[in-house]
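Chains as they are written, first to last, in our numbering: chain P, 1 to 150; chain A, 1 to 83.
Be aware that a few hints might be false.
Said to hold, decoys possible - Below, a list of computed lysine to aspartate or glutamate pairs in the DMTMM-like style, where the Cα atoms sit at most 20 angstroms apart: (1) P:Lys126 <-> P:Asp142; (2) P:Lys139 <-> A:Asp49; (3) P:Lys139 <-> P:Glu52; (4) P:Lys139 <-> P:Asp11; (5) P:Lys126 <-> A:Glu13; (6) P:Lys126 <-> P:Glu52.
Stated by the list, open to error - One-sided excerpt, in silico: chain P residues whose CB lies under 8 angstroms from chain A: (7) His82; (8) Gly85; (9) Arg120; (10) Ser138.
As the list claims (entries may be wrong) - Some, not all, of what chain P presents toward chain A, calculated at C-beta under 7 angstroms: (11) Gly56; (12) Ile70; (13) Leu117.
No lab work stands behind these hints, which were simulated from the structure alone. For glycine and all other residues, C-beta sits at the position ideal for the given N, C-alpha and C.
As a plain string of letters, each chain reads:
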Amino acid sequence: MDVLIQSEVFDAGAELNRFSQRAAHSGAGAVVSFSGLVRDLADNPLSHMEIEHYPGMTERAIEAIRAEAITRWSLSGALVIHRHGRLAAGDPIMMVATAAPHRVDAFAAAEFLMDYLKSRAPFWKKEVTAQGASWVDSKAEDEAALDRWD
Amino acid sequence: MQLEVLYFAWVRERIGVPRETVQTEARTVAELVAELTAREERYAAAFADLSTVRVALDQTLSEFDAPLDGVREAAFFPPMTGG
Numbered sequence: 001m002d003v004l005i006q007s008e009v010f011d012a013g014a015e016l017n018r019f020s021q022r023a024a025h026s027g028a029g030a031v032v033s034f035s036g037l038v039r040d041l042a043d044n045p046l047s048h049m050e051i052e053h054y055p056g057m058t059e060r061a062i063e064a065i066r067a068e069a070i071t072r073w074s075l076s077g078a079l080v081i082h083r084h085g086r087l088a089a090g091d092p093i094m095m096v097a098t099a100a101p102h103r104v105d106a107f108a109a110a111e112f113l114m115d116y117l118k119s120r121a122p123f124w125k126k127e128v129t130a131q132g133a134s135w136v137d138s139k140a141e142d143e144a145a146l147d148r149w150d
Numbered sequence: 001m002q003l004e005v006l007y008f009a010w011v012r013e014r015i016g017v018p019r020e021t022v023q024t025e026a027r028t029v030a031e032l033v034a035e036l037t038a039r040e041e042r043y044a045a046a047f048a049d050l051s052t053v054r055v056a057l058d059q060t061l062s063e064f065d066a067p068l069d070g071v072r073e074a075a076f077f078p079p080m081t082g083g
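With the sequences and hints as input, model every part of the structure.
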C-alpha cells in the first residue's frame, strides 16, 4: 500500500527499506524520504498531540496529490504514511518517500508532497499541555509554499 | 433539500456536534452558512470569521460561492495542518 492513514505508530526505517527494495525493482536509482516528528515545546512541555482528520476525504486528497507527483516527476514509486489520533512527543507523525531514476526528481517530488500534505490534506493538530489544549494554527508560509508548484 | 453537514477541529467544538443532517433551501455554501448562523448562536460563533474557515463539498475542497446542486455532503473546518 502506498497511502497509509493510521493511528498506530510506524517504523520509518522498516518502511523505507521495504519501499527502497520495491523501487529498485522498478528501475529507480534514487530514493528520498522525509519523516515528521511530534515536536516538544521548549517552555511548555507537551503532554501529547491529538490529530483529527476527515476519513474519506483524507484518502482521496492524498491519493490525488500522490498521483500528481508521480505524473509530474515520472516517479517509480511514492509512499505517504500519516497518523491520526493520540501521539506522544517524539513520535513519528508522517513520512513520505519518493523513488525516481535520478535524485533531482525524487527530491522535488518529496518537497511537493510535503508542501501539499501541510495545507491540502484534511488533518488538524491539537497540542495538549499542562496549561490546556490548543489547535495548531496554519502558517501563511505553508500556504505560500504551494505557489512555487504552479 | 437534505444535506449531511460535517464539522472538524475548532469548528466542530464550537458547534458541538461532529455531523448532522440539515434541511435547507440554500443554493450556495454562503447561503447555507447564513442560514445556520441565523439559526443559533453556536453556529454564529463558528462562522464569525469566514477567512479562517474552509469548506469541502463531497470531500473536495471548494469555495463559499459554490452551488449546492447535487451535493450530498458539506464539511466546514479550519485551514488544514497536516504534515
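The hints, checked one at a time:
A C-alpha spacing of about 17 angstroms is found between Lys126 (chain P) and Asp142 (chain P), which places the hinted pair at or below 20 angstroms, so the restraint holds. In summary, the hint linking Lys139 (chain P) to Asp49 (chain A) is supported, as the alpha carbons are separated by about 17 angstroms, within the 20 angstroms threshold. A hinted pair counts as satisfied when its Cα atoms are at most 20 angstroms apart, and Lys139 (chain P) with Glu52 (chain P) qualifies at roughly 18 angstroms. Between Lys139 (chain P) and Asp11 (chain P) the CA atoms are separated by roughly 28 angstroms; this puts the pair beyond 20 angstroms, and the hint is violated.
A threshold of 20 angstroms between alpha carbons decides the hint, and for Lys126 (chain P) with Glu13 (chain A) the separation of about 12 angstroms falls inside it, so the pair holds. The suggested pairing of Lys126 (chain P) with Glu52 (chain P) holds, with an alpha-carbon distance near 8 angstroms, which does not exceed 20 angstroms. Satisfaction of the interface hint for His82 (chain P) is found here, the shortest Cβ-Cβ separation to chain A being roughly 7 angstroms, below the 8 angstroms cut-off. The criterion of a C-beta within 8 angstroms of any C-beta in chain A is not met by Gly85 (chain P), whose closest approach is roughly 14 angstroms, and the hint is violated.
For Arg120 (chain P), the shortest C-beta to C-beta distance to chain A is roughly 7 angstroms, which falls under 8 angstroms, so the interface hint holds. A cut of 8 angstroms between beta carbons decides the hint on Ser138 (chain P): the least distance to chain A is about 4 angstroms, and the hint holds. The interface hint given for Gly56 (chain P) is met, as the beta carbon of that residue sits about 5 angstroms from the closest beta carbon of chain A, less than 7 angstroms. Hint status for Ile70 (chain P): violated, given a least beta-carbon distance of 19 angstroms to chain A, over 7 angstroms.
For Leu117 (chain P), the shortest C-beta to C-beta distance to chain A is roughly 4 angstroms, which falls under 7 angstroms, so the interface hint holds.
Consistency note: the structure conflicts with the earlier hints numbered 4, 8 and 12.
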